[in-house]
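J.: Next come the chains, spelled out residue by residue.
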Amino acid sequence: MAEHGTPPTTTPDTAPDTTPPPTPAPTPAPASATTLPTERDHPFDPPPEFGPLRAKGPLTPLSFPDGHVGWLTTSYATARKVLSDNRFSARQELRHLPIELAVAKEAMTGPPPPGFFMHMDPPEHTRYRRKLASSFSVRRMREFERKIERALAEPLAAMERQGPPADLVTTLVGPVRSLVTTELFGVPAADVDSFQEHTSVILDADSPADKVGESTGHLAQYVMGLVTSLRAEPAEQEPASVLGGLVKDPELSDEELLGMALLFLSAPDTTANMLGLGAYALLYHHEQLAALLADPTLADGAVEELLRYLSIMNVGPFRAALEDVDVDGCPVRAGETVVVAVPAVNRDPDRFGSPDTLDVTRPPTGHLTFGHGMHQCLGQHMIRVTMKTSYTLLLGRFPGLRLAVPPDEVPLRSNEATHHVRNLPVTWDGIAR
Amino acid sequence: MRIVVRRERCTSAGMCALTAPELFDQSEDDGRVLLADPDRSDEHRAEARRAVRLCPSGAISTDEPEPSTREHRS
Numbered sequence: 001m002a003e004h005g006t007p008p009t010t011t012p013d014t015a016p017d018t019t020p021p022p023t024p025a026p027t028p029a030p031a032s033a034t035t036l037p038t039e040r041d042h043p044f045d046p047p048p049e050f051g052p053l054r055a056k057g058p059l060t061p062l063s064f065p066d067g068h069v070g071w072l073t074t075s076y077a078t079a080r081k082v083l084s085d086n087r088f089s090a091r092q093e094l095r096h097l098p099i100e101l102a103v104a105k106e107a108m109t110g111p112p113p114p115g116f117f118m119h120m121d122p123p124e125h126t127r128y129r130r131k132l133a134s135s136f137s138v139r140r141m142r143e144f145e146r147k148i149e150r151a152l153a154e155p156l157a158a159m160e161r162q163g164p165p166a167d168l169v170t171t172l173v174g175p176v177r178s179l180v181t182t183e184l185f186g187v188p189a190a191d192v193d194s195f196q197e198h199t200s201v202i203l204d205a206d207s208p209a210d211k212v213g214e215s216t217g218h219l220a221q222y223v224m225g226l227v228t229s230l231r232a233e234p235a236e237q238e239p240a241s242v243l244g245g246l247v248k249d250p251e252l253s254d255e256e257l258l259g260m261a262l263l264f265l266s267a268p269d270t271t272a273n274m275l276g277l278g279a280y281a282l283l284y285h286h287e288q289l290a291a292l293l294a295d296p297t298l299a300d301g302a303v304e305e306l307l308r309y310l311s312i313m314n315v316g317p318f319r320a321a322l323e324d325v326d327v328d329g330c331p332v333r334a335g336e337t338v339v340v341a342v343p344a345v346n347r348d349p350d351r352f353g354s355p356d357t358l359d360v361t362r363p364p365t366g367h368l369t370f371g372h373g374m375h376q377c378l379g380q381h382m383i384r385v386t387m388k389t390s391y392t393l394l395l396g397r398f399p400g401l402r403l404a405v406p407p408d409e410v411p412l413r414s415n416e417a418t419h420h421v422r423n424l425p426v427t428w429d430g431i432a433r
Numbered sequence: 001m002r003i004v005v006r007r008e009r010c011t012s013a014g015m016c017a018l019t020a021p022e023l024f025d026q027s028e029d030d031g032r033v034l035l036a037d038p039d040r041s042d043e044h045r046a047e048a049r050r051a052v053r054l055c056p057s058g059a060i061s062t063d064e065p066e067p068s069t070r071e072h073r074s
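Note that the protein sequences, when read in sequence, are chains B and Z. Residues 1 to 433 (this note's numbering) are what the first sequence spells out, left to right. Residues 1 to 74 (this note's numbering) are what the second sequence spells out, left to right.
Among these hints, one or two may not hold up.
[Claimed, not checked] Reference excerpt, derived from the structure (chain B facing chain Z, CB under 8 Å, subset only): (1) S84; (2) N86; (3) R130; (4) A133; (5) F136; (6) S137; (7) R139; (8) Q376; (9) H381; (10) V385.
Calculated from the structure, these hints are not laboratory results. C-beta: ideal position from N, C-alpha, C; glycine also.
The shape of chain B in the complex, shown without the other chains (with noise of 0.2 Å):
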């Protein structure tokens, strides 16, 4: 366990202690390592713990599970160097985990698996990336559309039918999640709700290890069945979703295709997730919404800045020094992990003005909430895509939209990986016609 050169010295909690420690610690830290704070306040903004360490510096020693120490940032523009800096390596047996995992640690302490590519470094990652990234290209996010367009038009016709009050997750969170799990794999529609149980399973953090280690050898073996399957389609035949493109390649092999389809696993969820929680915030703060409806054309900006003051995911990038690195006067020892604390990194009033306010009418601001360098989500353009035409479908559909229940009552769930709406009751008055 290394001792930093420069823990910070000037908070009360690098004393000595003195006191018995409530319970006994298994590996010694440094009394000013802090833990990465997940737990939030307030379901829209970061753990309240991130302000002080801000206090602290760029960076600032971060404990992790398994005894190691390494490091924290809140800041963006020391971010930014790490994510682009090819000294620190995304390699999955090199980093330590930030927070406790319900799954078998071994499946993510030791190598990844062949194709699961954002635990990878150059030449594998880029290798595999390439043959990934034409899928999710901006053109291809704009056809998209279309497919957003149709799935929502029957959801949406089906809540004005029925009348108020509606629940958004039904109405819309759902829909999107099963049109993008399709959108991805290709699952058959009668199978769609069978593969979206079992990646409940593997992506909440409180599901027992021996319940998600069975969710997982389910959906591999389903996944290879679909790959077989894909297969066997013509050459010429379109592929009608990303894996089947992907299966096109006589390059990949199946234990490949395999991999590279479990790093879009969570894609359904996560969207589905930003989706919910976009619109629960949109309505939450009323005036930006009312602000959206007045000006259509602030609906790109209104997707970002719900990215970046929402930064959905708790647990952000994190990277393994190769070498000595100094950052921002920080002395970064070989071997240990620096985590990027991307919901506080997108609150960084160095470079965000009024960074705690949600503000529609924000320039394009490039927050980090799909990361930086050379890992930055391939997925991004499909969440902008789905938020804008969601919310655009929405609104012009029922512009009298609001909360049907007190603001701050509105069920939320929230784990170690992420937090969304379980339920998101509405109502409205008129209907646009």
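Since the structure of chain B is already known, use the hints to place chain Z on it.
T.: Coordinates of chain Z only, in the frame set by chain B:
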């Protein structure tokens, strides 16, 4: 304004094609940057600068100095 793209650094994130579609496109093959219309760079200086700033892999540069990264309102 002269725009330079270094395709070997490109990571296919598509931020340029999103920010300045008049100037940048993505390859059908691997999503990497294509300079769509370099002749229009003078018409789209602000977009080009934003694309430089947003590019996650530093694959785009111009021959003009980069302004501050602090948020600014135009």
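J.: Are the hints correct? Go through all of them and say.
T.: Do the hints match the structure? See the list:
1. S84: Constraint on S84 (chain B) satisfied, holds at 6 Å.
2. N86: 10 Å, violated
3. R130: Result: holds, 4 Å to nearest chain Z Cβ.
4. A133: A133 (chain B) check passes; min Cβ-Cβ to chain Z is 3 Å, inside 8 Å.
5. F136: 7 Å, holds
6. S137: The hint holds - S137 (chain B) has a Cβ within 8 Å of chain Z, the shortest such distance being about 4 Å.
7. R139: 7 Å, holds
8. Q376: It holds, given that the least Cβ distance between Q376 (chain B) and chain Z is near 4 Å, below 8 Å.
9. H381: This interface hint holds because 6 Å falls under the 8 Å limit.
10. V385: 10 Å, violated
Violated hints, in rising order: 2 and 10; the structure is consistent with all others.
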